Structures are given as structure tokens and as C-alpha cells.
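Protein chains in written order, with our numbering: chain A, 310 to 551; chain B, 939 to 1036.
Any given hint might turn out to be false.
Stated by the list, open to error - Pairs of lysine to aspartate or glutamate, DMTMM-like flavour, derived with a Cα cap of 20 Å:
1) 432(A) <-> 972(B)
2) 435(A) <-> 989(B)
3) 435(A) <-> 982(B)
4) 534(A) <-> 381(A)
5) 534(A) <-> 397(A)
Simulated from the structure, these hints should not be mistaken for laboratory data.
No experiment lies behind these values; they were computed from the predicted model shown.
Letter by letter, the chains look like this.
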Amino acid sequence: MSTPTPTAVGTATLALADDALVLAQRLGEWAADAPVLEEDVALTNIALDLLGQARTLLSLTGDEDELAYGREEHQFRNVQLVERPNGDFADTIARQLYFSVYQELLYTALAAADGQTAPLAAKAVKEVAYHRDHAEQWTLRLGDGTEESHRRMQRALDGLWRYTGELFAPLEGLGVELPALRAPWLERITAVVERATLTMPQGPDRTPWSAGAGRQGVHTEPFGKLLAEMQYLHRAHPGASW
Amino acid sequence: MTGQTSDAWPLWEVFVRSRRGLSHSHAGSLHAPDAAMALRNARDLYTRRAEGVSIWVVPSTAITASSPDEKDPFFEPAADKPYRHPTFYEIPEGVKHL
């Protein structure tokens, strides 16, 4: 592999930052709205972990506030999976399962790769291991729970499946071969899904129009609303602080 | 809905051992569907500001507590027996760590 250009490294770091930032914002929407108080705290705790990762990663590429609050939709490089709406609790858990297993594998690889993101990855992989555990625990309970929870969890896994292919599209400048992570990812997801008495989704893991689209700045419709909510304060009062 | 869910989930008592503490102390209680989730909820609710290094969760129903009605027979007799406190002894010189 040839040495990546500094621009490519910056773009790859920004992509990871945006994944964490956007998912943090999505999970934050559960604040005061989760099925139970305990889960409210669990989900927003995960959101805060991700926000911390996003801040570190954004700071590596520029001014974090400017990047988080000043960019427009097409400038964000996150995968479409993380911007998908929370839906019901099963939808959120399915998204968490797909993403946290991926992120744990990715951070483990990054920590060993010795790039500029290695220190962050080495620290954050412990946080992500907990996120993954949380998602697994709930997948098992919803899948192997009541008839309704089983049905909803299966629907959630199926519905988000077509956003998972994008996770493993090559990302120049990352220093990690993302396509190589798909096999271990699939193995882990399958193990959890089967233990939860659920069925692995069968359809394609990407659609022609969405393959790698988020990484190119093409996002799904709900993303605009998320961004508007995240950015309006900064846009209305630039430089506002506590 | 929230009320129903919480009612269906049993209550757990949480004990946390702090970084320098020798024993677990009661931190509070929470709802969880089972012991494994109770442990995770406890982690999120009671140790997120680095309060602990070990957690126990116990079903609240497993705890037998003294009743407020029994307070006098239980605890009153101890109140007027100061000689049970080891304050009447002079500490011999040279005894350390006492």
C-alpha cells in the first residue's frame, strides 16, 4: 500500500468522527424518552462516549465546533447506518449491534495500525466493547423474549441490513483494510442473532443507490432534520458558550 | 407504558466498592429484567463518575430488614452502655497502629 496523502488521512479521520458524532446525536434523542429510566441513562451514556470520540477525532482534522456546527449535509462523511432514525427500541438496538461490532473491530485494528488515530482507538475500544455488550444483551432478550419483541427485533435487523454494506467499503487514508473486517463482523453478528433465536437477514447488504453513499456525502432524508436540530443554536448564535 | 414496564421488572439493590474502599456499600436501587442487566444498569447509574471498581446487585426481595417497629428492642439497649466502647483503656506506649 502506498503512503496515503495527508488529505486522504484527514478525510478518513473525518469519516470516523462523523460516524461517532451523528450516532451520539441520534442516541441523545432518547434522553427522557427511553422505555425505562435505566435505559435512558444507558443510551445517553453511550452517546457521551461517542461524543468524546468525535471531539478527539474532529480536533485531529480541524476546529471541532466549526466542523460539527458549520458544515452542510453533503460535507458530512458518516455512513448512512448511523443517521437512520431511532425508530422503536428494537430499531435502535439493531443499529447499535451492527455498528458497535463494526466499531470494535475497526478500533482494534486502528490501535494496532499506528496512525494518528491509534491513541484514540486504543482508549475508545474499551468503551465500544461495552456498547457492543449492551447491544448484544438486548438483542438476546428481545429476540428470545415475547412474540412481539421477537417480531420487532427481526424486523429491525432486516430493515437496517441494507445499510451495513457501506461499513466495509474501502476508505483511503484509513490505514486499515475495511473489506477485511466484514468476515469477522459477519461471524460475530451471526452468533448473536442465532443465539437470540432470530434469523440473519437475507437480502443484499446494500442498494445500488446507497453503496458507500454516506462516505461520499450523500445522505438519507432524516439526516437533514438531525443536522438542523444539532446546528440551529450555533447558527442562530455563533460562538455561543455556557 | 413506562409504569407497566417498571412494575414488571423486579427491583435490585446495588452495592458498590469504591476504589479505596474495603467493602461494598449500598449505593441505591434500580429496576432490571434480570441479574445481568441489573449489573449493567448499575454500572451506568452508579459508577459513571468513576465511583467504583466492583459492583454487587441483590434482588431487593432477598433482603431481610429490621422493622422500624422493632427499633427499640433492637437498638435501645445499646445506648446506655458506654463501657462497651473501648475508650476506658489507656493505650500502652509503643503500641502503634491502634
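| said: Can you confirm whether the C-alpha distance between residue 435(A) and residue 982(B) stays at or below 20 Å? | reply: Within the cut-off at roughly 15 Å; holds.
| said: Would the hint linking residue 435(A) and residue 989(B) be met if the CA-CA limit is 20 Å? | reply: Holds, at about 18 Å.
| Is the hinted pair residue 432(A) and residue 972(B) satisfied, with a Cα-Cα distance of at most 20 Å? | Violated - the C-alpha atoms of residue 972(B) and residue 432(A) are around 30 Å apart, more than 20 Å.
| Quick one, are residue 534(A) and residue 381(A) close enough, alpha carbons at most 20 Å? | holds, 12 Å
| message | With the threshold set at 20 Å, check whether the alpha-carbon distance from residue 534(A) to residue 397(A) stays at or below it. | response | holds, 18 Å
Violation of the numbered hints given earlier is confined to hint 1; every other hint is satisfied by the structure.
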